[in-house]
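Q: Each chain, letter by letter, is given below.
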Amino acid sequence: AQSVTQLGSHVSVSEGALVLLRCNYSSSVPPYLFWYVQYPNQGLQLLLKYTTGATLVKGINGFEAEFKKSETSFHLTKPSAHMSDAAEYFCAVSRGSTLGRLYFGRGTQLTVWP
Amino acid sequence: EPEVTQTPSHQVTQMGQEVILRCVPISNHLYFYWYRQILGQKVEFLVSFYNNEISEKSEIFDDQFSVERPDGSNFTLKIRSTKLEDSAMYFCASGGDLDRGNTGELFFGEGSRLTVL
Chain A
648 AQSVTQLGSH VSVSEGALVL LRCNYSSSVP PYLFWYVQYP NQGLQLLLKY
698 TTGATLVKGI NGFEAEFKKS ETSFHLTKPS AHMSDAAEYF CAVSRGSTLG
748 RLYFGRGTQL TVWP
Chain B
204 EPEVTQTPSH QVTQMGQEVI LRCVPISNHL YFYWYRQILG QKVEFLVSFY
254 NNEISEKSEI FDDQFSVERP DGSNFTLKIR STKLEDSAMY FCASGGDLDR
304 GNTGELFFGE GSRLTVL
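Keeping their order, the protein sequence lines are chains A and B.
Per the working numbering, the very first residue in the first sequence carries number 648; after that it's consecutive.
Per the working numbering, the very first residue in the second sequence carries number 204; after that it's consecutive.
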């Protein structure tokens with residue numbers, strides 16, 4: 648079975664500080680992993696995805712994530728937070744398909760202080 | 204830029220009433236989905252639809268739910284007799300570009316908030 652755990656429902660950082668949003672997954676097959684962002688009153692937007700190959704993946708807006716199989720983790724990072732990064736972030740896993748059913752975490756609300 | 208659009212943005216209904224949520228997926232996409240998020244809970248998969256039939260559904264998607272693609276552009280979710288616990292944000296998504304194949308991304312709409320009283 649597939650599942651995702653996001654540690655920390657709320658994360659607050661100062662502008663310019665490192666952003667680290669944690670995601671651990673459980674999967675019975677090699678997983679495909681995703682991070683989505685949701686800005687207020689908008690839909691979910693794909694930030695980045697891991698399917699196969701390079702374990703460090705880069706996404707939009709300066710975000711990146713590293714797939715660590717031994718730790719079953721896919722943490723999202725950004726070296727320097729910007730006010731515009733304030734949003735809710737969702738980690739998701741699927742069973743080896745980019746068009747298959749997604750299993751989402753509960754989401755992490757990121758607040759960026761000036 | 205093409206986008207998935209959903210209507211209505213917010214609907215309030217009485218328990219036991221039928222509700223239809225509408226979605227216009229991105230044209231040329233082949234795969235269509237409904238997800239929902241009850242307040243404070245995870246985004247949950249309801250159903251996927253491909254080639255004019257349901258390809259997968261979750262345990263949530265019981266006989267009270269149905270989906271339809273009536274005219275080649277709209278994709279609807281019907282809840283036959285709403286319950287209080289159906290109150291949630293419902294997201295439509297589409298993916299799989301007919302021309303470009305599997306681009307590896309689902310595009311989500313902004314959601315329809317359903318409130319059942």
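Simulated from the structure, these hints should not be mistaken for laboratory data.
A virtual CB, placed ideally from N, CA and C, is assigned to each residue, including glycine.
Treat the hints with care, as some may be off.
[Said to hold, decoys possible] Label pairs and their calculated CB-CB ranges:
#1 Gln689/A / Tyr253/B: 37 to 43 Å
#2 Leu287/B / Pro726/A: 41 to 47 Å
#3 Ala701/A / Ser276/B: 35 to 41 Å
#4 Thr719/A / Leu287/B: 34 to 40 Å
#5 Leu703/A / Gln267/B: 23 to 29 Å
#6 Lys705/A / Pro211/B: 17 to 23 Å
#7 Asn708/A / Pro205/B: 16 to 22 Å
Q: Give a verdict on every hint.
A: Checked hints:
1. Gln689/A / Tyr253/B: 37 to 43 Å: Given about 26 Å between the Cβ atoms, the range is violated.
2. Leu287/B / Pro726/A: 41 to 47 Å: Taking Cβ atoms as reference, Leu287/B and Pro726/A lie about 45 Å apart, which means the hint holds.
3. Ala701/A / Ser276/B: 35 to 41 Å: holds (38 Å)
4. Thr719/A / Leu287/B: 34 to 40 Å: holds (36 Å)
5. Leu703/A / Gln267/B: 23 to 29 Å: Since the Cβ atoms of Leu703/A and Gln267/B sit about 44 Å apart, the hinted range of 23 to 29 Å is violated.
6. Lys705/A / Pro211/B: 17 to 23 Å: With a Cβ separation near 37 Å, Lys705/A and Pro211/B fall outside 17 to 23 Å, so the hint is violated.
7. Asn708/A / Pro205/B: 16 to 22 Å: holds (20 Å)
In summary, the numbered hints that this structure violates are 1, 5, 6.
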